[in-house]
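Chemist: Residue numbers (our numbering), protein chains in the order written: chain A, 1 to 361; chain B, 1001 to 1312.
Read the hints as simulated data drawn from the structure, not as lab findings. C-beta atoms are modelled at their ideal positions from N, C-alpha and C, and glycine is treated no differently. Heads up, some of the hints might be wrong.
[What the hints assert, rightly or not] One side only, chain A facing chain B, incomplete, derived with CB under 10 angstroms:
id, residue
1, 7
2, 15
3, 147
4, 190
5, 292
6, 341
7, 342
8, 345
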Amino acid sequence: MSNRMTIPIGPQHPLLKEPLSFMITVEGERVVDSTLRLGYVHRGIERLCQTKTYVQNLHLFERVCGICSHVHTTTYCQGVEALLGLEVPPRGLHLRTLLCELERVHSHLLWLGVLGENIGFQTIFMYAWRDREIALDIMEELSGGRVTHSCNVIGGVRIDVGDAQFSSIVSQLNDLEQRVEKLLDVIQHERTLRVRTQGIGYLSPEKIRNYCVVGPVARASGVDVDLRRDCKYAAYGWLHVNVALAHEGDVWARTMVRAREAIESLRLCRQLLVGLPEGPTQVRAPRRVPPGEVVSRAEAPRGELLYYIRSDGSDKPARVKIRTPTLTSLITVHDQLEGVETADVSVVLSGIDLCIACADR
Amino acid sequence: MTDLLDALTKLLLFPGFAFLFACAMLFAWIDRRVIARLQGRVGPPWFQPLADWIKLMAKEDILPTGTNGWVCAALPVLSLAAVLTASIYIPVGGWIAQAFEGDLIVVLFLLSLPPLAYFLGGWATGGVYSVIGGNRSLLQYFSYEVPFLMALCSPAILAGSWSIAEIAARQSETIWGVLVQPLGFILALVGLIGKLKRVPFDIPKAKSEIVAGPLTEFSGRKLALWHLSIEVKTVVGIFLLVNAFLGGSGVSGLLPAPITFAIKSLLVLLILSVASVLYARLRIDQLANLGWRVLAPLALLQITVTVWIGVA
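Chain A extracted, bound-state conformation:
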């Protein structure tokens, strides 16, 4: 057909924050086909980690992702601790979980900003990123780092919360909660936002199950999966998590799910701080890990994160395999893009919250 055109999106494009390449075939303004190329930020982390010791690898896995750095080390530590048979003290687990939840808040706000920017709603972008600063400030206060926290160690965490910190963090959390609720109110009632996101990128629950999609994208289609509730790791055994669900399965539902999740995470943060048990935050871990293999899972901001670790008894892992939630969402992009307008490509792509650094490793 003569009026077919191929639009390249990526590897460098204003829409994408990380390199990724789509070739989108359009007929007029309608998308008829799309192809995907991955691997622009492949850094060979899985191979590299086999040459480093378990402790050195902490720093490596922290750098798999720039947004959910903490949940990567959490999953890794959990796995190694299971191999070692270590019991992490409750205080350590609580603090570990606290950072996980803060990270979720910051990731979801960041995503909301990116969505705003991609549909031409600059104001939402500015507001969401301004409010996200508070979450970053809290994390900095806790660990000294805004993005990479170096907070997890095998056997616990290296940070602790004092009385002065406690009250300052709680007041910042309250402030942040008010702001996020206001943001939720704005996005719920802003008509142009609704018009742009409703009915776009629909995924049915069957498709979600077939493609094994996880995280907020699955929950927005009514598939009720959340590891924080289904497989209580870290301190989630002490908490009651209200899983945000929606049934529309479009980008609008994903927006709502993520916004409600951010508010729920803030509630969990406060609960974690109030119920913080006394005691040590970590136990000493031996250098060498006994032979064996383990699968460790955690709920990252984008969904289930999976680490497979095999040990051969030395101080270096024999194999580590990381499966990130973005990979499962990426598979659905072709289905989601079929038949949408060119203008909605950006909405679809931002709707699934891509983290290419995670997916490529």
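Chain A is fixed; fit chain B onto it per the hints.
Modeler: Positioned in the frame of chain A, the structure of chain B alone reads:
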């Protein structure tokens, strides 16, 4: 000789090119600053638009191979020339450079040239993003132009004159157009936002979809001229609206004419800035729907009522 000097002064200094250039920079700065403050940012210093413009002028000018350099150079100049010519017929703060019966039509015609140049700019450079942006800008043009023209006809019908200066003078003697025809004013504002491709109608240059639309392949001086023509068009459009709906510079009010005019213009600019903070970008089909299902019928209604009142 003095006639020639006078004409040249009007053309080049005031209210011609130099004045419009200064206004364009000032308005661009106020616009950016207001938007920044509303979004919780600081915003640029006053000379930023000028600095940006000078920087662009000094930059290397690259065009993709296979494009016609002359056409690409002529299009931004044409666009700028059209808006500058239009400005001659628009009274500013009590000064009228040129006026004749029917200059409103001429101005409207001249203001509809830049979108065509913009569209051609997309096709002349031929990149994928440029072509899609060009198509979109033409579709958008058909959506806003008709309501915009009809909205601007009604004050002319009411004043019984097709001269902008006459319309403004009649309004400041009797009552402002915006009070008699609030609907017309709103339609004209929406049309103007579409014309200037501002949020929520920045569809042809949607960054996250088609990079910079028709201007994607332009750089250096040509891009600077494109930007200048859009900024000058903002000023001219605002001046036109002030004259057609807000009584122009007024007769003998509390304040001197230039100040009244400046206040009114800034007010319209403020509305444009606030609108671009409040909304997300629409899709092109949504804009076409809005244009033909809502704006055009409303504009027709507006004209019908105006004619009916005029006859009665």
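Chemist: Would you mind marking each hint as holding or not holding in the structure?
Modeler: Comparing the hints with the structure gives:
| no. | hint | in the structure |
| --- | --- | --- |
| 1 | 7 | holds, 5 angstroms |
| 2 | 15 | holds, 4 angstroms |
| 3 | 147 | violated, 22 angstroms |
| 4 | 190 | holds, 7 angstroms |
| 5 | 292 | violated, 47 angstroms |
| 6 | 341 | holds, 6 angstroms |
| 7 | 342 | holds, 6 angstroms |
| 8 | 345 | holds, 7 angstroms |
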